[in-house]
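Engineer: This is what each chain is made of:
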Amino acid sequence: MSAPSHSAAELAERFGLEVRGDAGARIEGVGTLAGAGPRQLAFLANPKYRGQLAACDAGVVVMREADAAGFPGTALVARDPYATFARIAALFAPRPEWPAGLHPSADVHPDASVSPDAQVGAFVSIGARSRVDAGARIGPGCVIGEDCVVGEGCELVARVTLVVRVRLGQRVRIHPGAVLGADGFGLAMNEGRWLNVPQLGGVVVGDDCEIGANTCIDRGAIEDTVLGDDVRLDNQIQIGHNVVVGAHTAMAGCVAVAGSARIGRYCLIGGGAGVVGHIEICDRVTVTAMSLVTSSIREPGEYSSGTPLMDNRSWRRNAARFRQLDALARRLPRGDA
Amino acid sequence: MSAPSHSAAELAERFGLEVRGDAGARIEGVGTLAGAGPRQLAFLANPKYRGQLAACDAGVVVMREADAAGFPGTALVARDPYATFARIAALFAPRPEWPAGLHPSADVHPDASVSPDAQVGAFVSIGARSRVDAGARIGPGCVIGEDCVVGEGCELVARVTLVVRVRLGQRVRIHPGAVLGADGFGLAMNEGRWLNVPQLGGVVVGDDCEIGANTCIDRGAIEDTVLGDDVRLDNQIQIGHNVVVGAHTAMAGCVAVAGSARIGRYCLIGGGAGVVGHIEICDRVTVTAMSLVTSSIREPGEYSSGTPLMDNRSWRRNAARFRQLDALARRLPRGDA
Amino acid sequence: MSAPSHSAAELAERFGLEVRGDAGARIEGVGTLAGAGPRQLAFLANPKYRGQLAACDAGVVVMREADAAGFPGTALVARDPYATFARIAALFAPRPEWPAGLHPSADVHPDASVSPDAQVGAFVSIGARSRVDAGARIGPGCVIGEDCVVGEGCELVARVTLVVRVRLGQRVRIHPGAVLGADGFGLAMNEGRWLNVPQLGGVVVGDDCEIGANTCIDRGAIEDTVLGDDVRLDNQIQIGHNVVVGAHTAMAGCVAVAGSARIGRYCLIGGGAGVVGHIEICDRVTVTAMSLVTSSIREPGEYSSGTPLMDNRSWRRNAARFRQLDALARRLPRGDA
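Going down the list, the protein sequences come from chains A, B and C. Per our numbering, the first sequence starts with residue 1, numbered consecutively. Per our numbering, the second sequence starts with residue 1001, numbered consecutively. Per our numbering, the third sequence starts with residue 2001, numbered consecutively.
Please keep in mind that the hints were generated in silico from the structure rather than gathered at the bench. Small disclaimer: the values here were computed from a predicted structure and weren't measured. Glycine included, every Cβ here is placed at the ideal spot set by N, Cα and C. Just so you know, not all the hints are guaranteed correct.
Stated by the list, open to error - Sample of chain C residues lacking proximity to chain B, with all beta carbon distances greater than 12 angstroms (derived): (1) R2026; (2) P2104; (3) R2313.
Said to hold, decoys possible - To give an idea of the interface, some chain A residues facing chain C are shown, with a C-beta separation under 10 angstroms as derived from the structure: (4) G35; (5) G37; (6) A66; (7) A86; (8) P94; (9) A100; (10) G192; (11) W194; (12) S260; (13) H278; (14) I279; (15) C282.
Claimed, not checked - Ranges of calculated distance between the beta carbons of each label pair, as one might list FRET restraints: (16) A/P72 / C/E2191: 45 to 55 angstroms; (17) A/G301 / C/R2331: 25 to 35 angstroms; (18) B/D1117 / C/G2051: 43 to 53 angstroms; (19) A/D311 / C/D2057: 36 to 46 angstroms.
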């Protein structure tokens, strides 16, 4: 493969940008503002990095109009430099070189249907009544159980498991180790022993979702667990059975959402946050990292729990007082408030 | 497959229930109280949903005696409607259609022994001196290392790893991505570098345990890591080396238990909770979600840590005061308490 | 295999120790101080277990000089008994019995290069331009994508995924289910939808690192995600894109480090702790379990957040007061401090 190369003028034309400086400057890759060389394109989105422009060696820099004034190099002026950078960088992202069609080692059930236009890698297993649509790519070591659908243009990178009754929309990307459609954690205590509650539902994933590495989405107990379109889940997330996640919501790594919680659209859930079961979070809610949502949230906004980090000695003193907080409060003189 | 069908009378007979209404009503599946149709069975366990009975279309509803009075439809009266529902729903749970015996692609060490009555799926690897007993099902992509035992009727759904010296009792179910018997995290700092402490123990899992997707249970350093009978672990849980978990204890997703902790019987550990190493938790302890257990618990009961969720602005104000808590407490007038 | 056997004298000679008691005592394995028998070696490092010496049945015990005085059995005197024990125990750690070379089922791309001295197990897939060096062992079910390097003496235990552009130093050990080099979580919101930011960097792992089961290390967006030498990561850890972890740092299970954080050398990060993105932690910082690091740490030492565990009833009372903390503080009489 020879590296692709693009001139500033070509990029401006393609993405509707304005060039300032040398329209013929050619780039062969991307870099950071501090690290890019003369053959690379960088971007400036966060004003806090503006100071790096002076020493910047990048051949071309994507930036806002206001930042371009006085910049001596070649700029591509964009309203949203980060999104524009993302689109340009995609030109340089290598695609895995997979042969078309089924790898000879793949084990496909006779009642499964795989589009001749799909790619299926080594050591993939596909179960009865499952369907893989055109343009889908199933990487090495994936296991697709029974009654699943992998929509057009989906990508299961490698070692993904769809256990049973998992229906993916179009262009869904799933990273290695993710498990969709495992048994929800449904238990009834009966005469001193746990009894399994059969998990008869499935998982429905909308178009353009992304599911991170080692993330789990359990199937529903009776009805389905549902992700709307364009939901973005980072790695190591746990989504319990019958959870519903609204379109365009994004969750950072290690979030845990317990069964039957309903999360709205355009929410942002910070890393390691938790959501207890059977509650609702409305649209456009942000939850900060490692916070625990224990009851429904009905107003958009930002929510937090936890305490600030301190040196351990100070923390011990303050944490000990937390134990006494109610008693201490009762000793306060009566105030006006 | 034609769907199974059962009449209310047959179900009453089979599970020792009483029918009210049309004993001949036939069901072909289960549903929620709000969603079930005339051919489906639903249940009412939580009194908070009693109001849904009026508009309920389900052909049969499992409920308590007290709820059945005045219900115009067909009821199956049960002392524990949820457990009864679980048993009835199991009649409708499809089993994966796997052929008996060894998949031709399976790689079984000549010194391993696999019961002719076990099912072993595609791309499964089984190591030296390991044993798979009658009725066990090893799904696609599982790796069983050396010196392991998979007891009668166990199910390893898919892509499960038993690294080495893992002994499963009977009817243990393990979900995809779970890793049992990996090296415990045993390190000694020696002259500025980490030295691995060999992990020579194994993992012992009692009968009827369930291990969730992507959950890890490390093997012991010298002695074994041990799960009692009927322990239920949800997804993404981490169990460190030499932990002992008592029978019938259940843990929700993302719990982390550090090395050598001992947890009693009939405990309930909430999602995302942590247990530090080398402590003991007695029987019948409940730990709420995302709490951290930092010392031994000797009394049954419910335990918690953390702070409540607030809008971020209020949280910032209060969290800042947490930093000053000890200093603030010292400024309190001396009280009687 | 007949078990290896070593005399106290041989061990003393080999590891530079001093024998007290019967230099001819032979051991065939190791055990705990409480559980070891006459053919086993135990160790005493933590003074809290000194009381167990009296009833100890171990054939040989590794201990400090001070503890050996008056011990009636056979002692091996060491300055650091735990590290010495680790070295001796390694003599008894069985190695998996793998045949040399490539398993016939392995799927190796014609442009990949695998040392004839490496071991590659069943159902392993190795992509274009990847390299596996001498003495490396790739266990069953591993997937190695394109442009990866597995250095000399590395061990990928089983079902490990190196997605793309992952370069491992020498003697790196990676446990089952770990995923290195998955797409970082880079998103730009654009006209109401998420746009993927291509992740063009890789992952670089130094010599002698250990990566736990189901741990994820994402590849960098532009530059690489980097682990220094001798970094030790336990299970279920999430390392975001462009994170840099200094040499000899160890993290316990379930830690989450968000993108572009920089962590120093010789840090200890407790289980379930979180580190937000784009901050720096200096060398020799300890973070206690389940603490959240929300800003840079510039001084070595121990840091914590969170509140202590309480019975749920007391916790509810105190937690309710946390909501009022700022208001309560304002009602305090003005103090000297």
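Engineer: Run every hint past the structure and note whether it holds.
Structural biologist: These are the hints, each one checked on the structure:
no.: 1; hint: R2026; result: 18 angstroms, holds
no.: 2; hint: P2104; result: 9 angstroms, violated
no.: 3; hint: R2313; result: 8 angstroms, violated
no.: 4; hint: G35; result: 6 angstroms, holds
no.: 5; hint: G37; result: 12 angstroms, violated
no.: 6; hint: A66; result: 19 angstroms, violated
no.: 7; hint: A86; result: 4 angstroms, holds
no.: 8; hint: P94; result: 8 angstroms, holds
no.: 9; hint: A100; result: 15 angstroms, violated
no.: 10; hint: G192; result: 24 angstroms, violated
no.: 11; hint: W194; result: 23 angstroms, violated
no.: 12; hint: S260; result: 22 angstroms, violated
no.: 13; hint: H278; result: 19 angstroms, violated
no.: 14; hint: I279; result: 17 angstroms, violated
no.: 15; hint: C282; result: 17 angstroms, violated
no.: 16; hint: A/P72 / C/E2191: 45 to 55 angstroms; result: 32 angstroms, violated
no.: 17; hint: A/G301 / C/R2331: 25 to 35 angstroms; result: 27 angstroms, holds
no.: 18; hint: B/D1117 / C/G2051: 43 to 53 angstroms; result: 51 angstroms, holds
no.: 19; hint: A/D311 / C/D2057: 36 to 46 angstroms; result: 45 angstroms, holds
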